[in-house]
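Protein chains: 2
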Amino acid sequence: MKQWNVVITGFGTVGKQAARLLAQRQGYYREKYDADVRLVGAARSTSALYDANGLGEEALLEWGASGKRVDTTFSGYEFLASSHADILIETGPSDLKTGGPGLIYIKQALEQGMHAIAVSKGALVVDFAGLSALAKQKGVHLKISGATAAALPTIDLLQYNFAGCQILGIEGVFTGTTNFVLTKMMEEGITSEEAILRAQQMGIAEPDPSFDIDGWDTACKVTILANAAFDAQVKLSDVSRASVREVTDEQIAAWKAAGLTPKLIGSIQKTPQGIKAAVELQAVDAAHPFATVKGTTKAVRVETDVMGELLVIGGKSDPVAAAAAALKDLEHIIRGQRAY
Amino acid sequence: MKQWNVVITGFGTVGKQAARLLAQRQGYYREKYDADVRLVGAARSTSALYDANGLGEEALLEWGASGKRVDTTFSGYEFLASSHADILIETGPSDLKTGGPGLIYIKQALEQGMHAIAVSKGALVVDFAGLSALAKQKGVHLKISGATAAALPTIDLLQYNFAGCQILGIEGVFTGTTNFVLTKMMEEGITSEEAILRAQQMGIAEPDPSFDIDGWDTACKVTILANAAFDAQVKLSDVSRASVREVTDEQIAAWKAAGLTPKLIGSIQKTPQGIKAAVELQAVDAAHPFATVKGTTKAVRVETDVMGELLVIGGKSDPVAAAAAALKDLEHIIRGQRAY
Numbered sequence: 001m002k003q004w005n006v007v008i009t010g011f012g013t014v015g016k017q018a019a020r021l022l023a024q025r026q027g028y029y030r031e032k033y034d035a036d037v038r039l040v041g042a043a044r045s046t047s048a049l050y051d052a053n054g055l056g057e058e059a060l061l062e063w064g065a066s067g068k069r070v071d072t073t074f075s076g077y078e079f080l081a082s083s084h085a086d087i088l089i090e091t092g093p094s095d096l097k098t099g100g101p102g103l104i105y106i107k108q109a110l111e112q113g114m115h116a117i118a119v120s121k122g123a124l125v126v127d128f129a130g131l132s133a134l135a136k137q138k139g140v141h142l143k144i145s146g147a148t149a150a151a152l153p154t155i156d157l158l159q160y161n162f163a164g165c166q167i168l169g170i171e172g173v174f175t176g177t178t179n180f181v182l183t184k185m186m187e188e189g190i191t192s193e194e195a196i197l198r199a200q201q202m203g204i205a206e207p208d209p210s211f212d213i214d215g216w217d218t219a220c221k222v223t224i225l226a227n228a229a230f231d232a233q234v235k236l237s238d239v240s241r242a243s244v245r246e247v248t249d250e251q252i253a254a255w256k257a258a259g260l261t262p263k264l265i266g267s268i269q270k271t272p273q274g275i276k277a278a279v280e281l282q283a284v285d286a287a288h289p290f291a292t293v294k295g296t297t298k299a300v301r302v303e304t305d306v307m308g309e310l311l312v313i314g315g316k317s318d319p320v321a322a323a324a325a326a327l328k329d330l331e332h333i334i335r336g337q338r339a340y
Numbered sequence: 001m002k003q004w005n006v007v008i009t010g011f012g013t014v015g016k017q018a019a020r021l022l023a024q025r026q027g028y029y030r031e032k033y034d035a036d037v038r039l040v041g042a043a044r045s046t047s048a049l050y051d052a053n054g055l056g057e058e059a060l061l062e063w064g065a066s067g068k069r070v071d072t073t074f075s076g077y078e079f080l081a082s083s084h085a086d087i088l089i090e091t092g093p094s095d096l097k098t099g100g101p102g103l104i105y106i107k108q109a110l111e112q113g114m115h116a117i118a119v120s121k122g123a124l125v126v127d128f129a130g131l132s133a134l135a136k137q138k139g140v141h142l143k144i145s146g147a148t149a150a151a152l153p154t155i156d157l158l159q160y161n162f163a164g165c166q167i168l169g170i171e172g173v174f175t176g177t178t179n180f181v182l183t184k185m186m187e188e189g190i191t192s193e194e195a196i197l198r199a200q201q202m203g204i205a206e207p208d209p210s211f212d213i214d215g216w217d218t219a220c221k222v223t224i225l226a227n228a229a230f231d232a233q234v235k236l237s238d239v240s241r242a243s244v245r246e247v248t249d250e251q252i253a254a255w256k257a258a259g260l261t262p263k264l265i266g267s268i269q270k271t272p273q274g275i276k277a278a279v280e281l282q283a284v285d286a287a288h289p290f291a292t293v294k295g296t297t298k299a300v301r302v303e304t305d306v307m308g309e310l311l312v313i314g315g316k317s318d319p320v321a322a323a324a325a326a327l328k329d330l331e332h333i334i335r336g337q338r339a340y
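Chains A and B supply the protein sequences, listed in that same order. Residue numbers 1 to 340, in the UniProt record's numbering, belong to the letters of the first sequence in order. Residue numbers 1 to 340, in the UniProt record's numbering, belong to the letters of the second sequence in order.
Check before you lean on any hint, since a few could be wrong.
Copies of the same chain look alike in the list, so a pair counts if it fits in one copy or across any two.
[What the hints assert, rightly or not] Mimicking BS3-like on lysine-lysine, the simulated pairs with C-alpha atoms at most 27 Å apart in a straight line are:
#1 LYS16 <-> LYS235
#2 LYS2 <-> LYS138
#3 LYS32 <-> LYS256
#4 LYS184 <-> LYS16
#5 LYS184 <-> LYS235
#6 LYS270 <-> LYS2
#7 LYS138 <-> LYS294
#8 LYS32 <-> LYS270
#9 LYS270 <-> LYS138
#10 LYS136 <-> LYS97
Honestly, the hints are just simulated from the structure, not real lab data.
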């Protein structure tokens with residue numbers, strides 16, 4: 001039985017769910033793949049836990065509750081170097097300027113010959129090309145489902161389900177939070193501030209909602225997808241961006257009167273000038289496939305040359321679903337199904 | 001550069017399109033996978049063409065136009081045995097009782113250590129379990145996208161996009177022809193006979209439309225999916241079936257009055273009594289996700305434990321798209337991405 005040692009960095013909400021699901025699925029991995037998959041390490045900004053025999057739920061809970069610095073000599077670098085892990089799952093916060101610790105961890109993991117699964121977006125936004133080339137050079141996988149709409153398949157569609165097709169374009173409602181805010185404004189006639197507050201109260205929006213609300217989340221996703229699946233060299237700063245915060249009551253009233261529905265739509269199109277990625281606030285009519293995509297529901301539409309068009313709606317938008325998307329990537333790694 | 005020799009059996013409409021696409025993509029395969037993919041053989045019921053250096057378009061056209069028995073000593077068995085091919089694409093007519101020549105070809109190919117891609121359904125309906133076990137024993141792939149809604153991903157969703165999730169159920173509008181007939185009856189107030197005739201005139205329905213119209217096509221797809229993705233032992237005769245032919249003008253009028261839309265829905269559900277596969281004519285209300293799926297458009301809805309629900313609509317329903325689905329399978333084989 002092959003042993004797969006896993007470490008999770010940036011151990012927060014999604015990391016905890018990934019650890020829980022992974023423990024739950026150990027029997028399944030053994031039976032289906034003859035694989036002994038164990039979580040041997042977990043690290044957050046100031047401390048880390050490590051056990052070559054696998055971290056139990058209790059140890060993780062105690063560590064999570066304590067908040068204390070378990071390993072006083074902690075350094076992320078040493079942690080990864082000494083972990084002898086096979087797979088890194090990086091779930092930390094996204095630093096869109098430098099890539100932050102996530103970029104350092106993923107780069108180091110790949111350099112050490114580990115496979116890497118990114119849930120956080122910062123590293124991929126800042127240097128997808130570099131990381132991808134490094135993974136290729138080392139013969140390991142770099143998987144990104146968790147960073148590109150998670151339970152809603154996006155990179156899968158482009159690289160797996162439509163293998164061999166020419167992708168003519170892709171557009172999507174990629175951020176559940178913004179769609180929730182727009183839906184509430186339309187359906188309940190509240191302002192964007194009120195709708196954002198509502199989303200925060202329901203745990204849908206972060207305390208600082210800017211990343212989602214101001215279009216950064218969608219912009220990150222289209223940047224990563226453009227570079228990963230269209231061989232583009234798109235920078236986050238190249239992507240036009242729109243904020244749901246700017247939507248006024250007057251606009252909402254006008255859209256309603258015209259039978260239109262506002263959606264924050266991320267898109268990637270092939271143009272004569274090359275790949276164009278954008279985030280725009282569009283008011284779509286009732287016949288548009290995104291018109292009925294409401295609340296936190298996400299959606300993506302892909303247009304191809306010979307297989308036609310595909311509209312995909314759904315996929316849960318919670319930490320468990322994000323963790324499950326990362327473990328889907330992990331399972332593809334165990335199967336040897338690398339990204340293309 | 002690794003050489004991949006391909007043969008196509010049951011060389012008809014889809015087979016021709018597969019040959020054309022394959023020729024078109026040879027440069028792409030070389031560049032992307034360092035793979036020299038060539039069509040070395042093509043066979044139909046009474047004759048076969050073979051060229052170890054690859055069949056050119058002209059040779060195929062001439063053979064197709066002539067209809068003559070090129071190889072007078074033709075036997076499918078000898079053809080496959082002497083082809084030294086790596087991949088079989090079987091696109092012949094479906095014999096739902098015996099599996100027909102398709103079953104013989106696929107079985108023989110697997111036994112010879114060839115990978116097999118099924119577009120026709122007969123062999124899979126009759127003996128998926130046997131073929132799958134044989135493929136496993138020989139360490140080769142058995143791929144079935146072309147036989148399970150082609151450009152609309154179904155088996156992909158269950159085995160790849162949702163890897164690790166528990167699939168709670170799946171339902172779909174799996175047959176474009178029946179959906180076209182029902183849509184025409186609802187929208188134009190014509191009888192099922194008239195709608196079927198219209199579909200035949202447009203090349204959507206076969207001269208003998210029974211396979212689609214009487215629910216066999218949908219029943220085949222759910223039978224294959226149940227056995228391939230749910231580890232079930234469903235026989236085609238276990239699947240309840242409904243025919244679009246039986247829909248009366250009175251029913252249509254009543255559904256219209258009630259704001260309902262009839263759909264031929266294939267489904268697979270986990271029940272306490274095991275896996276249940278069914279084909280039913282359901283009148284769905286306007287809020288149902290299939291209500292807006294019109295004409296030849298297909299759709300599938302999958303419900304999972306932790307990733308939520310996914311609704312997928314679209315994927316072209318023509319011979320080119322079916323061929324492209326088979327070549328997607330071929331590309332996964334080249335990548336070493338076998339089915340799970």
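Now the hints, each set against the structure:
Taking identical chains as interchangeable, the C-alpha atoms of LYS16 and LYS235 are never at most 27 Å apart, the minima being 31 Å within one chain and 42 Å between chains. Taking identical chains as interchangeable, the C-alpha atoms of LYS2 and LYS138 lie at most 27 Å apart whether they share a chain (20 Å) or sit on different chains (21 Å). Neither within a single protomer nor between protomers do LYS32 and LYS256 lie at most 27 Å apart by alpha-carbon distance, with minima of 52 Å and 48 Å respectively. When the C-alpha separation of LYS184 and LYS16 is checked against a cutoff of 27 Å, the pair qualifies neither within a copy, at 30 Å, nor between copies, at 51 Å.
With identical chains, the CA atoms of LYS184 and LYS235 are never at most 27 Å apart, being 32 Å at best within one copy and 48 Å at best between copies. Taking the closest pair of Cα atoms, LYS270 and LYS2 never come within 27 Å of each other, the shortest separation being 43 Å inside a single copy and 32 Å across copies. Taking the closest pair of Cα atoms, LYS138 and LYS294 never come within 27 Å of each other, the shortest separation being 43 Å inside a single copy and 48 Å across copies. Proximity of LYS32 and LYS270 under a CA criterion of 27 Å is satisfied inter-copy only: 20 Å between copies versus 40 Å inside one chain copy.
In this assembly of identical chains, LYS270 and LYS138 lie within 27 Å of each other by CA distance neither inside one copy nor across copies; the values are 31 Å within and 42 Å between. In the homo-oligomer, the alpha carbons of LYS136 and LYS97 lie at most 27 Å apart inside one protomer (24 Å), although the nearest pairing across protomers, at 48 Å, exceeds that limit.
In summary, the numbered hints that this structure violates are 1, 3, 4, 5, 6, 7 and 9.
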